[in-house]
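This is what each chain is made of:
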Amino acid sequence: MNNVPKNLKYSKTHEWIRQDEESLTIGITDHAQCMLGDLVYVELPEPETNWEAGQECAVVESVKAAADIYCPVPGEVVEINEALLENPQLINEDPYGKGWLFRIRPFDGEIPSLLNAEQYTKQVASEAH
Amino acid sequence: MPFIPHTKQDIDAMLATIGVNDIQTLFDEIPKNLRTANLNDIPLGMTEMELARHLRDRAALDAGMLCFMGAGAYEHHIPAAVWDIVSRGEFMTAYTPYQAEASQGTLQLLYEYQTMMASLMALDVSNASLYDGASALAEAILMSVRSNRKHKASRILIPRTVHPHYRQVAKAIVGQQDIEIIEVPYCQKTGRTLLTDLEKLIGSGVTALVIPQPNFFGVLENVDELTNWAKQQNALSIGVVNPLAMALLKPPGQWGEKGADIACGEGQPLGVPLASGGPYYGFLCCKQDYVRQLPGRIVGRTVDMEGKQGFVLTLQAREQHIRRAKATSNICTNQGLLVTASTIYMSLMGPQGLRRIATQCHENLRLLEEKLLAIPGVKKIFNAPTFHECVLQLPEPVDPILTTLAKHKIQAGFSLRKAYPELGECLVICATETKTTDDMDKLVVNLRQALNQPAHAVMENHS
Amino acid sequence: MTQLIFEYSQPGRLATAQVPTPTKKLDIPNEFLRQDKPLLPEVSELEVIRHYTRLSRRNFSIDTQFYPLGSCTMKYNPRGVHRLASLEGFLQHHPLSLDMNSQGFMACAYELQEILKTVTGMRGVSLTPMAGAQGEFAGVAMIRAYHRARNDHARTEILVPDAAHGTNPASAVQCGYKVKEIPTLLDGNVDIDALRSAVGPHTAGIMLTNPSTLGVFEQKIQEMAAIIHQAGGLLYYDGANLNAILGKVKPGDMGFDVMHINLHKTFATPHGGGGPGGGPVAVSERLVPYLPIPTVTKTTTGYRWLTEEDCPQTIGRLSAFMGNAGIILRAYAYARLLGREGLHRVAEFATLNANYLLARLKAAGFTPAYPTRRASHEFIVTLKTEAKEFSITALDVAKRLLDFDFHAPTMYFPLLVPECLLIEPTETESKQVLDAFADTLIAILQEAKTNPEILKNAPHKLPVRRLDEVKAARELDLVYQGQAA
Chain A
1277 MNNVPKNLKY SKTHEWIRQD EESLTIGITD HAQCMLGDLV YVELPEPETN WEAGQECAVV
1337 ESVKAAADIY CPVPGEVVEI NEALLENPQL INEDPYGKGW LFRIRPFDGE IPSLLNAEQY
1397 TKQVASEAH
Chain B
638 MPFIPHTKQD IDAMLATIGV NDIQTLFDEI PKNLRTANLN DIPLGMTEME LARHLRDRAA
698 LDAGMLCFMG AGAYEHHIPA AVWDIVSRGE FMTAYTPYQA EASQGTLQLL YEYQTMMASL
758 MALDVSNASL YDGASALAEA ILMSVRSNRK HKASRILIPR TVHPHYRQVA KAIVGQQDIE
818 IIEVPYCQKT GRTLLTDLEK LIGSGVTALV IPQPNFFGVL ENVDELTNWA KQQNALSIGV
878 VNPLAMALLK PPGQWGEKGA DIACGEGQPL GVPLASGGPY YGFLCCKQDY VRQLPGRIVG
938 RTVDMEGKQG FVLTLQAREQ HIRRAKATSN ICTNQGLLVT ASTIYMSLMG PQGLRRIATQ
998 CHENLRLLEE KLLAIPGVKK IFNAPTFHEC VLQLPEPVDP ILTTLAKHKI QAGFSLRKAY
1058 PELGECLVIC ATETKTTDDM DKLVVNLRQA LNQPAHAVME NHS
Chain C
57 MTQLIFEYSQ PGRLATAQVP TPTKKLDIPN EFLRQDKPLL PEVSELEVIR HYTRLSRRNF
117 SIDTQFYPLG SCTMKYNPRG VHRLASLEGF LQHHPLSLDM NSQGFMACAY ELQEILKTVT
177 GMRGVSLTPM AGAQGEFAGV AMIRAYHRAR NDHARTEILV PDAAHGTNPA SAVQCGYKVK
237 EIPTLLDGNV DIDALRSAVG PHTAGIMLTN PSTLGVFEQK IQEMAAIIHQ AGGLLYYDGA
297 NLNAILGKVK PGDMGFDVMH INLHKTFATP HGGGGPGGGP VAVSERLVPY LPIPTVTKTT
357 TGYRWLTEED CPQTIGRLSA FMGNAGIILR AYAYARLLGR EGLHRVAEFA TLNANYLLAR
417 LKAAGFTPAY PTRRASHEFI VTLKTEAKEF SITALDVAKR LLDFDFHAPT MYFPLLVPEC
477 LLIEPTETES KQVLDAFADT LIAILQEAKT NPEILKNAPH KLPVRRLDEV KAARELDLVY
537 QGQAA
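Chains as they are written, first to last, in our numbering: chain A, 1277 to 1405; chain B, 638 to 1100; chain C, 57 to 541.
Derived from the structure by calculation, the hints contain no laboratory data. Backbone N, C-alpha and C define an ideal beta-carbon position, used for all residues, glycine too. Wrong hints could be hidden among the right ones.
Unchecked claim - These stretches of chain C come out as covered by chain B in the derived footprint (C-beta under 8 Å, 3 or more residues): (1) 72 to 84; (2) 125 to 135; (3) 169 to 180; (4) 248 to 258; (5) 511 to 523.
To be verified - Pairs of lysine-lysine residues, derived as DSSO-like cross-links and limited to a Cα-Cα distance of at most 30 Å, are as follows: (6) C:Lys276 - A:Lys1340; (7) C:Lys527 - B:Lys945; (8) B:Lys895 - B:Lys808; (9) C:Lys487 - B:Lys669; (10) B:Lys645 - C:Lys276; (11) C:Lys440 - B:Lys808; (12) B:Lys669 - C:Lys80; (13) A:Lys1340 - C:Lys512; (14) B:Lys808 - C:Lys418; (15) C:Lys93 - B:Lys868; (16) A:Lys1340 - C:Lys354; (17) A:Lys1398 - C:Lys440; (18) C:Lys236 - A:Lys1288; (19) A:Lys1340 - C:Lys444; (20) C:Lys93 - B:Lys924; (21) C:Lys80 - B:Lys1008; (22) C:Lys354 - B:Lys1044; (23) B:Lys945 - C:Lys517; (24) C:Lys234 - A:Lys1340; (25) B:Lys945 - B:Lys1008; (26) C:Lys354 - C:Lys173; (27) C:Lys276 - B:Lys945; (28) C:Lys276 - C:Lys236; (29) C:Lys505 - A:Lys1340; (30) C:Lys81 - B:Lys826; (31) A:Lys1374 - C:Lys487; (32) B:Lys1017 - C:Lys81; (33) B:Lys945 - A:Lys1340; (34) A:Lys1340 - B:Lys1016; (35) C:Lys440 - C:Lys418; (36) B:Lys1046 - B:Lys1017; (37) C:Lys505 - C:Lys487; (38) B:Lys808 - C:Lys236; (39) C:Lys173 - B:Lys669; (40) B:Lys895 - C:Lys93.
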């Protein structure tokens, strides 16, 4: 039932990544927002900060859980979605569109391997028990 | 069998339903070699009647003292209404309000408490309490570190005029993480914290400055200049205050140009008895900017599915039961029962009542000072304004004097020999609204007598 | 609709019988004085009594309802205990009184220390931690002090089962440790092979509870203790479930080095709507020097407080005075009422009640999470199947129970078992209450089949309907400012 757009890449920790012209846009998947429930608060990284792959750079908070967002590739944060500060529920309503979290300019060098839509769907299916 | 209602018929029927012959079989999953609990060192049980006699005898040993001691725990009049209501089973034996619909009594009360405490501190929000004043200070420090990442190293300045036990607790709790606590000396003339001493300790940066009001000596600190100084250093200011005093004195939210960031302290003066040391409760309030860093439970107002007003625990995602290793704190409990007492106490007194009680305490302290300073050799050593405590120096060693007076059931104050040896033979004495002129005269008579005796004649077990 | 106390305020009103009338002009300089009026109620004494008495009636409590909250041990809080702990001699006693004026309280504290040593099989006790979480903090801090004293600075990790209560990892982090989680097997035991591979010279210790948060006894506990000890680590016991083994098994015998006890659970001190609690710590011989101060010792001339001079290696002071004194008195009184025979019976009847309730629910078609295991003093029922079949959740069942005047069991943890109810009846409930509870659960499940909406919209009979927690978190309203909700 969860939506997994084919044109995006995914991380094991339920982030989606979209390649734009100059940067990558990051968000959390439909599956993730569903598990978390109604989101009440988002903590985003500061613009112009640098992050390594796998580092916790943001937090999304619902009534019943607070989940860390892991930076999927090393890079510099260039833009954050300020609309989420007032309206965190945008992530629930439109996780792949209006609910984007931040944009990152990746550093040169190796980009860690990400999952494609099929691989991510398989992973989510295996996690369910 | 105290409190176990089962009859033999009950037990037999239950064992039959389970399908075992006896209760011991229910423990058969436990390795036999572990099932050897021997409680022979514990005496046999007592009836409530027997226990009552036993405990009355013990309570009598500690009873009947005329108390002029403060030093962090204060004797105030507590109206009968407070503990009559608090002792109702519906408050006393209620659980943490996780099932909000079944706990609207407790939750609404906590919301009212949060409102009262935040307003008393002139800050934006309050949590639903922590264990006590000292641990609240430790949590306030941790909170300031989380909120102020501008400085690489975490350096906290704490004046020596802060209660010695509070400083010890802060070190014990905060010292387990990479946070440096630096003590600030005080001025021996005024008993206050000076800017010149703070300046010397700036070092690589200050994360937070702790400001007591009143301080452990009973002295009023220059809170405005201290708060402004903290702001200049990009440090957070943490006020540690007596909540009763805040009805009379300027509260932390109004200190300096921008107000202190965090306020904490001991709630005991508001409706909680001395009770041999606890339970008390710690309060913690802050500006809106820091609300998500507030540890402990917080109650929020909301509506139910029919639009009716209701109350719930909120911001729980920060707490241990959800966030686990990344929680703002490990704390689970708040001191619900004590907060209930305080809320009822504050409701009975109102803003005017609290101000009058605080004023009466100050008045009584000034009268007590006058009477005691009339005794030859007794000196007041700090020349700054005080709230309801002050430091007096005696012409004879203070510990034997306190012991002699204690034998006559009078507690003349708390000795400063251990925590502040540089002050010599000093004690800190307190007068609350509970002390009459007869009480004070009794102290004076007995102190005069004790001072006329040579010090070495009264050496016994002083502590 | 119940108003807030502030909404009754009339300017100038207060409880005049309770307030002194100062006569002198205030001699504190103006710059120190408060100029505005704080927002406190201005009401009469009668209004206060009415308001808070009415509020009390909007609460569930042990005194009014059965509270089968797993891991909370909501047993009867004896009234006599409260009365005696409130004797004037104890209540008016200042904590900084000299030892010679404190012998009554100190005798009780000392004897409770001794009782707790016996019950736990440990060699030293400190009563100062003010609740379980503070006890855990003290315990982990003592483990840290122990390794430091041995100059072993490589130990940076604390192991915690993934089923553990949230305070465990939170406390470990508060002491500067990293936390590593160990998985649990399907039979409810910790995965001992995973434990063996996780352990090494970087292991400071492990935090466990037994029976575990899943309600079953950790059968390989002695083997686990050996693995940890061999690697040079220490074992911490979370005493939350002590009620299951009180008088039957001693944590010291299981190999634990340090533990805390929840007085507000096992020793029946009142929960007070969220606190106060009491979390004394007990330790084996090698950790005695690190106990938090003050503790009570007995000398030939009477009882004495031991402080930092007597205990130079202590982890320090955790409270301004000596912890929750009134709770210590209550726990002591409770232990004296029960005596050794009564303490032996606690685990027996707690376990009998849990297994009986489990048997009744099993017979009625409920699914135990660990069907091959005995219940300890508590057990878990999973509503996973029913949730799918009837589109309801464990939360819905819990809310519907409230309509029948039963408090719901624990649901928010353990996180491992989906749609779970963790049920702990305690030993002070009668068979009749247990039967009524079982019958009610059965009836609710019937409702789920025929009329699930009634569960999803529960509760129906309480002062409020189901509350909007999302709104509470999104639109923070934490203090009253004169506005409506």
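Against the structure, the hints come out as follows:
| no. | hint | verdict |
| --- | --- | --- |
| 1 | 72 to 84 | holds (count 11) |
| 2 | 125 to 135 | holds (count 7) |
| 3 | 169 to 180 | holds (count 5) |
| 4 | 248 to 258 | violated (count 0) |
| 5 | 511 to 523 | holds (count 8) |
| 6 | C:Lys276 - A:Lys1340 | violated (33 Å) |
| 7 | C:Lys527 - B:Lys945 | holds (13 Å) |
| 8 | B:Lys895 - B:Lys808 | holds (28 Å) |
| 9 | C:Lys487 - B:Lys669 | holds (28 Å) |
| 10 | B:Lys645 - C:Lys276 | violated (34 Å) |
| 11 | C:Lys440 - B:Lys808 | violated (47 Å) |
| 12 | B:Lys669 - C:Lys80 | violated (75 Å) |
| 13 | A:Lys1340 - C:Lys512 | holds (18 Å) |
| 14 | B:Lys808 - C:Lys418 | violated (52 Å) |
| 15 | C:Lys93 - B:Lys868 | holds (26 Å) |
| 16 | A:Lys1340 - C:Lys354 | violated (49 Å) |
| 17 | A:Lys1398 - C:Lys440 | holds (23 Å) |
| 18 | C:Lys236 - A:Lys1288 | holds (20 Å) |
| 19 | A:Lys1340 - C:Lys444 | holds (21 Å) |
| 20 | C:Lys93 - B:Lys924 | holds (19 Å) |
| 21 | C:Lys80 - B:Lys1008 | holds (16 Å) |
| 22 | C:Lys354 - B:Lys1044 | holds (21 Å) |
| 23 | B:Lys945 - C:Lys517 | holds (14 Å) |
| 24 | C:Lys234 - A:Lys1340 | holds (24 Å) |
| 25 | B:Lys945 - B:Lys1008 | violated (59 Å) |
| 26 | C:Lys354 - C:Lys173 | holds (15 Å) |
| 27 | C:Lys276 - B:Lys945 | violated (52 Å) |
| 28 | C:Lys276 - C:Lys236 | holds (20 Å) |
| 29 | C:Lys505 - A:Lys1340 | holds (27 Å) |
| 30 | C:Lys81 - B:Lys826 | holds (26 Å) |
| 31 | A:Lys1374 - C:Lys487 | violated (57 Å) |
| 32 | B:Lys1017 - C:Lys81 | holds (22 Å) |
| 33 | B:Lys945 - A:Lys1340 | holds (23 Å) |
| 34 | A:Lys1340 - B:Lys1016 | violated (60 Å) |
| 35 | C:Lys440 - C:Lys418 | holds (15 Å) |
| 36 | B:Lys1046 - B:Lys1017 | holds (24 Å) |
| 37 | C:Lys505 - C:Lys487 | holds (27 Å) |
| 38 | B:Lys808 - C:Lys236 | holds (26 Å) |
| 39 | C:Lys173 - B:Lys669 | holds (22 Å) |
| 40 | B:Lys895 - C:Lys93 | holds (19 Å) |
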